[in-house]
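S.K.: Sequence:
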Amino acid sequence: MIAYIVRRLGLIVPTLFGIMLLNFAIVQFAPGGPVEQLVAQLTGAQADATARISGATREVGAAPSASQGTRQQGDSGYRGARGLDPQLIADLKRQYGFDKPAHERFFQMMVNYIQFDFGTSFFRDTSVIDLVIEKMPVSISLGLWSTLIIYLICIPLGIAKAVRDGSRFDFWTSFAIIIGYAIPGFMFAVLLIVIFAGGSYLDWFPLRGLVSDNWHELSWPMRIVDYFWHMTLPLVALVIGGFATLTMLTKNMFLEELGKQYVVTARAKGLSEKRVRYGHVFRNAMLIPIANMPEQLIDILFTGALLIEIIFSLDGLGLLSYESVINRDYPVVFATLFIFSLLGLLFNLIRDVVYVMVDPRISFERAG
Numbered sequence: 000m001i002a003y004i005v006r007r008l009g010l011i012v013p014t015l016f017g018i019m020l021l022n023f024a025i026v027q028f029a030p031g032g033p034v035e036q037l038v039a040q041l042t043g044a045q046a047d048a049t050a051r052i053s054g055a056t057r058e059v060g061a062a063p064s065a066s067q068g069t070r071q072q073g074d075s076g077y078r079g080a081r082g083l084d085p086q087l088i089a090d091l092k093r094q095y096g097f098d099k100p101a102h103e104r105f106f107q108m109m110v111n112y113i114q115f116d117f118g119t120s121f122f123r124d125t126s127v128i129d130l131v132i133e134k135m136p137v138s139i140s141l142g143l144w145s146t147l148i149i150y151l152i153c154i155p156l157g158i159a160k161a162v163r164d165g166s167r168f169d170f171w172t173s174f175a176i177i178i179g180y181a182i183p184g185f186m187f188a189v190l191l192i193v194i195f196a197g198g199s200y201l202d203w204f205p206l207r208g209l210v211s212d213n214w215h216e217l218s219w220p221m222r223i224v225d226y227f228w229h230m231t232l233p234l235v236a237l238v239i240g241g242f243a244t245l246t247m248l249t250k251n252m253f254l255e256e257l258g259k260q261y262v263v264t265a266r267a268k269g270l271s272e273k274r275v276r277y278g279h280v281f282r283n284a285m286l287i288p289i290a291n292m293p294e295q296l297i298d299i300l301f302t303g304a305l306l307i308e309i310i311f312s313l314d315g316l317g318l319l320s321y322e323s324v325i326n327r328d329y330p331v332v333f334a335t336l337f338i339f340s341l342l343g344l345l346f347n348l349i350r351d352v353v354y355v356m357v358d359p360r361i362s363f364e365r366a367g
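The opening residue of the sequence shown carries number 0 in numbering that gives the first Met the number 0; numbering runs sequentially from there.
Among the clues, some could well be false.
To be verified - Label pairs and their in silico Cβ distance ranges:
{"hint": "1", "residue 1": "116", "residue 2": "139", "range": "19 to 25 Å"}
{"hint": "2", "residue 1": "274", "residue 2": "182", "range": "18 to 24 Å"}
{"hint": "3", "residue 1": "347", "residue 2": "162", "range": "31 to 37 Å"}
In case anyone wonders, no lab produced these hints; they're calculated from the structure.
Given the structure is predicted, the values throughout are model-derived calculations rather than measurements.
We treat Cβ as the ideally placed atom computed from N, Cα and C, and that holds for glycine.
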């Protein structure tokens with residue numbers, strides 16, 4: 000197993016390099032970079048000022064100002080940059096690092112990332128690692144609690160469905176979880192807001208934030224209550240959509256194990272049905288569901304909670320990534336991509352290790 004882990008760790012480097020290279024190349028063709036956005040802000044402010052001056056001169060019958068007559072002079076190749084000093088554009092490009100060729104910027108970025116130097120945000124004037132640490136508690140809360148709740152509900156429910164296969168209980172629970180799976184989580188989130196967060200009916204839960212504004216003034220028991228009060232609706236919206244896959248996987252794995260010969264032998268020896276199910280079948284049936292826990296966590300942590308964070312105004316990593324892409328804040332975009340990809344690859348390795356821990360008969364070294 001040690002040799003397999005070493006090989007997988009060695010593959011992380013070229014895989015991560017390929018992910019970053021592909022995304023970096025795609026971003027180079029995306030319009031509206033940080034320099035263009037800042038140029039648009041500057042020209043917009045200049046246009047507003049010129050409009051005000053023009054209005055004033057028309058009122059007093061004065062001639063247009065000199066700045067209006069020279070408005071078309073500077074053109075740096077950026078859309079909307081006419082009227083700006085070319086030296087200003089060059090300084091902006093140098094400030095953001097766009098005065099160097101793309102390949103130099105990419106390799107310099109990777110060298111910095113290897114040293115865990117993720118730079119500073121273009122528009123927040125804060126180091127990227129500080130931003131990630133600041134937003135991490137929200138995403139970790141959503142990821143850990145939703146994964147824990149999903150497993151605590153889905154595994155017992157899947158076993159109950161397998162034991163009662165074909166019954167009314169099996170039919171109606173299957174119908175319910177399929178409906179939950181078919182409706183996107185953000186639709187549930189909107190529905191929960193309308194019903195329970197002061198939308199049209201009840202006003203039981205807060206609409207935004209992870210804690211109340213006066214959270215630091217509360218006692219510790221009330222802080223815990225306040226935290227879960229804010230987390231209830233986002234967690235319900237996340238959990239409802241995550242039932243189907245794990246529940247049906249657990250049921251099918253349990254049914255498959257119940258039909259194997261060792262179960263027949265255990266029953267023939269006079270073991271109770273409870274002992275057969277939970278002493279023999281459970282460990283074998285739970286191999287895949289339990290080993291998929293790290294993957295489930297990483298999916299919710301960095302992708303599944305994005306819309307939930309936006310809808311409930313939870314300032315987490317998903318919302319940070321989304322806003323960074325919209326604002327073309329490249330240091331945050333690529334740093335979060337690097338961190339998320341690295342964690343995803345490491346969690347995949349952890350999943351394989353969990354496979355071996357759950358069932359020692361599995362050997363990835365023999366497979367290699």
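S.K.: Confirm or reject each hint.
M.R.: Here's how the hints hold up against the structure:
1. Between residue 116 and residue 139 the Cβ separation comes to about 23 Å, which falls inside the hinted range of 19 to 25 Å.
2. The hinted range of 18 to 24 Å is not satisfied by residue 274 and residue 182, whose Cβ atoms lie roughly 40 Å apart.
3. Between residue 347 and residue 162, the C-beta spacing of about 32 Å keeps the proposed range 31 to 37 Å intact.
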